[in-house]
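With these hints in hand, go ahead and build the complete structure from the sequences.
These protein sequences, in sequence, are chains P and Z. Residues 119 to 283 (the working numbering) make up the first sequence, in order. Residues 119 to 283 (the working numbering) make up the second sequence, in order.
Among the hints, a few may not be true.
Since copy identity is lost for identical chains, a pair holds within one copy or between any two.
What the hints assert, rightly or not - Below, simulated DSS-like cross-link-like pairs (lysine-lysine); rule was C-alpha separation at most 27 angstroms, straight line:
#, residue 1, residue 2
1, Lys265, Lys211
2, Lys159, Lys182
3, Lys281, Lys196
4, Lys182, Lys281
5, Lys281, Lys242
6, Lys200, Lys182
7, Lys265, Lys242
8, Lys196, Lys265
9, Lys152, Lys265
10, Lys152, Lys182
11, Lys211, Lys242
12, Lys196, Lys280
Note that these hints are calculated values from the structure, not bench results.
There are 2 protein chains.
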Amino acid sequence: MQVENLRELLIAEIRDIYDAEEQIVDELPDIIDKVQSPQLKSALQMHLEETRGQILRLEQVFNKLGEEVEGETCAGMKGILKEGSDAIDDAEKGDVRDAVIIAACQKVEHYEIASYGCVRTYAKQLGLNDVAQLLQQTLDEEGNADKKLTTIAEQTVNVQAKKVA
Amino acid sequence: MQVENLRELLIAEIRDIYDAEEQIVDELPDIIDKVQSPQLKSALQMHLEETRGQILRLEQVFNKLGEEVEGETCAGMKGILKEGSDAIDDAEKGDVRDAVIIAACQKVEHYEIASYGCVRTYAKQLGLNDVAQLLQQTLDEEGNADKKLTTIAEQTVNVQAKKVA
Chain P
119 MQVENLRELL
129 IAEIRDIYDA
139 EEQIVDELPD
149 IIDKVQSPQL
159 KSALQMHLEE
169 TRGQILRLEQ
179 VFNKLGEEVE
189 GETCAGMKGI
199 LKEGSDAIDD
209 AEKGDVRDAV
219 IIAACQKVEH
229 YEIASYGCVR
239 TYAKQLGLND
249 VAQLLQQTLD
259 EEGNADKKLT
269 TIAEQTVNVQ
279 AKKVA
Chain Z
119 MQVENLRELL
129 IAEIRDIYDA
139 EEQIVDELPD
149 IIDKVQSPQL
159 KSALQMHLEE
169 TRGQILRLEQ
179 VFNKLGEEVE
189 GETCAGMKGI
199 LKEGSDAIDD
209 AEKGDVRDAV
219 IIAACQKVEH
229 YEIASYGCVR
239 TYAKQLGLND
249 VAQLLQQTLD
259 EEGNADKKLT
269 TIAEQTVNVQ
279 AKKVA
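And the structure:
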């Protein structure tokens, strides 16, 4: 696909992040199964539900743009999830693995923060205010999910992981 | 490598981000060559120099930890850079390609913000204050680089890209 203007770039990036969200929904349940901390487990379960809502929101965006609902392989998310899953496999079960899971999920969140930040700005600059608003909602959710993970890491998981000999 | 405690996790993540930084130093000159906006070109050139300094800072961290200076393939950065380079190839030369380059670089920055945020926190919790301080310096630089890209996008590049028919 040749991208020739800001509207085509918006669509290309929406296809990329749509695929990224689908990758997350596929992968996250396996990650959640490996979590020890009940607080972390519940945060990630909540974020999985939120992600399903974000996918529906992207489908609304495709509709508003008059574009087919279709993703395009997101190589960035593939790499991030592969790295995360290898790191989880390499970690000792328990608190340390929980810390690894938090780091992996924060890399996922930050990819999404960068991506939604860009598409929200494109939509705004194109005067597509309803699209921009939908994307801003997701951007806010990603930011909050990231902050929640930082709090869990700093207050509980890393503190426990530090105690591991 | 089996990661059994927070210190081992710190080292594993430092090896990952060290490789990521080296990938960036390899890739960024080619990206800079493709930039049209003088403001964006100079921001990325400055960030390339900054990245070289960040690599030296990581080498200091390895030394302080008494560990060999050695990276470990960062699959996340590989995926992000592949995605970026494909998107740049797909974009029409000029303002639109500049907007694509900004998006690609912001994904790189956010990966680093997530990663340095984690390692800075691990170092702090391990009481390695000099290591934490070095990592915080880089984290601040990455945050500033990201903000600068947002400003360039919003004030010039995307505005120009919007005008492209």
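For each hint, the structure was consulted:
no., hint, result
1, Lys265 <-> Lys211, "within (24 angstroms within a copy, 38 angstroms between copies)"
2, Lys159 <-> Lys182, "neither (35 angstroms within a copy, 35 angstroms between copies)"
3, Lys281 <-> Lys196, "neither (33 angstroms within a copy, 33 angstroms between copies)"
4, Lys182 <-> Lys281, "between (52 angstroms within a copy, 21 angstroms between copies)"
5, Lys281 <-> Lys242, "between (48 angstroms within a copy, 14 angstroms between copies)"
6, Lys200 <-> Lys182, "neither (33 angstroms within a copy, 30 angstroms between copies)"
7, Lys265 <-> Lys242, "both (25 angstroms within a copy, 18 angstroms between copies)"
8, Lys196 <-> Lys265, "both (23 angstroms within a copy, 26 angstroms between copies)"
9, Lys152 <-> Lys265, "within (21 angstroms within a copy, 35 angstroms between copies)"
10, Lys152 <-> Lys182, "neither (38 angstroms within a copy, 33 angstroms between copies)"
11, Lys211 <-> Lys242, "between (45 angstroms within a copy, 23 angstroms between copies)"
12, Lys196 <-> Lys280, "neither (30 angstroms within a copy, 30 angstroms between copies)"
Of the hints listed earlier, those the structure fails to meet are numbers 2, 3, 6, 10, 12, in rising order.
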